[in-house]
Amino acid sequence: MTTRSRATRLLTRTGRLAAFAAILGAGTAPALALGRTPVFESGVELVNLTVTVTDAQSEYVRGLTQADFEVLEDGVPQELALFTERDVPLSVVVLLDTSLSMQGKLARAQEAARRFVRTLDEGDTVQVVAFNERPTIVQDFTGDRALLESAITGTRPGGATALYNSVYVALKDLRARRKPDELRREAVIVLSDGDDTSSVVSDDQVLETARRAGIPVYGIRLPQVAEAAAARARGPNQTGFFFASLTRDTGGQVQMLRSLGQLGGVYDRLAQELRAQYSLGYVSSNARHDGRWRSVVVRLKSAAHRLRHRLGYYAQR
Numbered sequence: 001m002t003t004r005s006r007a008t009r010l011l012t013r014t015g016r017l018a019a020f021a022a023i024l025g026a027g028t029a030p031a032l033a034l035g036r037t038p039v040f041e042s043g044v045e046l047v048n049l050t051v052t053v054t055d056a057q058s059e060y061v062r063g064l065t066q067a068d069f070e071v072l073e074d075g076v077p078q079e080l081a082l083f084t085e086r087d088v089p090l091s092v093v094v095l096l097d098t099s100l101s102m103q104g105k106l107a108r109a110q111e112a113a114r115r116f117v118r119t120l121d122e123g124d125t126v127q128v129v130a131f132n133e134r135p136t137i138v139q140d141f142t143g144d145r146a147l148l149e150s151a152i153t154g155t156r157p158g159g160a161t162a163l164y165n166s167v168y169v170a171l172k173d174l175r176a177r178r179k180p181d182e183l184r185r186e187a188v189i190v191l192s193d194g195d196d197t198s199s200v201v202s203d204d205q206v207l208e209t210a211r212r213a214g215i216p217v218y219g220i221r222l223p224q225v226a227e228a229a230a231a232r233a234r235g236p237n238q239t240g241f242f243f244a245s246l247t248r249d250t251g252g253q254v255q256m257l258r259s260l261g262q263l264g265g266v267y268d269r270l271a272q273e274l275r276a277q278y279s280l281g282y283v284s285s286n287a288r289h290d291g292r293w294r295s296v297v298v299r300l301k302s303a304a305h306r307l308r309h310r311l312g313y314y315a316q317r
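With my numbering, the residue at position 294 of the sequence shown is 294, and numbering never jumps.
If you are wondering where the hints come from, they were derived from the structure by calculation, not from laboratory data.
Possibly wrong hints are sitting among the right ones.
To be verified - For each label pair, taking beta carbons as the anchor points, the in silico distance ranges come out as: (1) Asp290 x Gly154: 44 to 52 angstroms; (2) Arg288 x Ser259: 46 to 54 angstroms; (3) Arg178 x Ala67: 26 to 34 angstroms.
We treat Cβ as the ideally placed atom computed from N, Cα and C, and that holds for glycine.
Produce the entire structure from the sequences given, and follow the hints as far as they go.
Structure below.
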């Protein structure tokens, strides 16, 4: 590349960042209050990151500023163009395992999910999906708590477990509904007590879809009482391993429960986390549209807290 070409690219990127700064500086507070994010010229991709910060006691850390954060992409520092710690409207998919193995557990799972729904604020939307051998949307995205609670209560156990299919479909659907000019915190919360027994997609396909969607996934693994022979043959930790990989890559978290009594507290904790997160955004200094994976690291400049966020993204082609 010639010196002139490099200079042209640098000036182009500098101009884009200046446009970001002008838009954000002119109306950041009202834009974020309405859950809106600035619209930029075609070909400029804002890399959005949802970051959870906890201290040594696993308590959520609030009150940090943009100056406290540092973002690196493939080891190169990036300039933040968007930052907020405010409550941002939520779009959450609640996936409930309703396979036959949930008989005797489903009532407790339903009550815990209803407790999560009751934490919704104005502007939040939730989709309820029941899954056994196939995922079924029992209530599409809405902020109506009564409709959501009724849908959760109406689920019934029966059938096999298509865990991978269900997470795959939920991620694809939530990503497809995303609006480029709207700032929302997205998440998929999936509860299951058994290993996958009937999916047509693999765990690797789900992991790849999750990386491309950039949506945090939270896995809740209920204690098992009995398993189908086919599931046992795959190993007792199959779902635990799947959840661990999926949540690590997306910035979510997995909860491996020892008793049903822990379930209510898990959903309460998830509701708290979604309100305590930071939203960061930047325009990559790497202007190549090569479709390659780019590793992202977020760290604090002067504190030893733990951070969770998605580990990277695929560049546009």
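Right, here's what the structure says about each hint:
1. Distance hint for Asp290 and Gly154: a CB-CB separation of about 47 angstroms, consistent with the stated range 44 to 52 angstroms.
2. In this structure the supplied range 46 to 54 angstroms holds for Arg288 paired with Ser259, their Cβ-Cβ distance being about 50 angstroms.
3. In this structure, Arg178 and Ala67 meet the distance hint of 26 to 34 angstroms, their C-beta atoms being roughly 29 angstroms apart.
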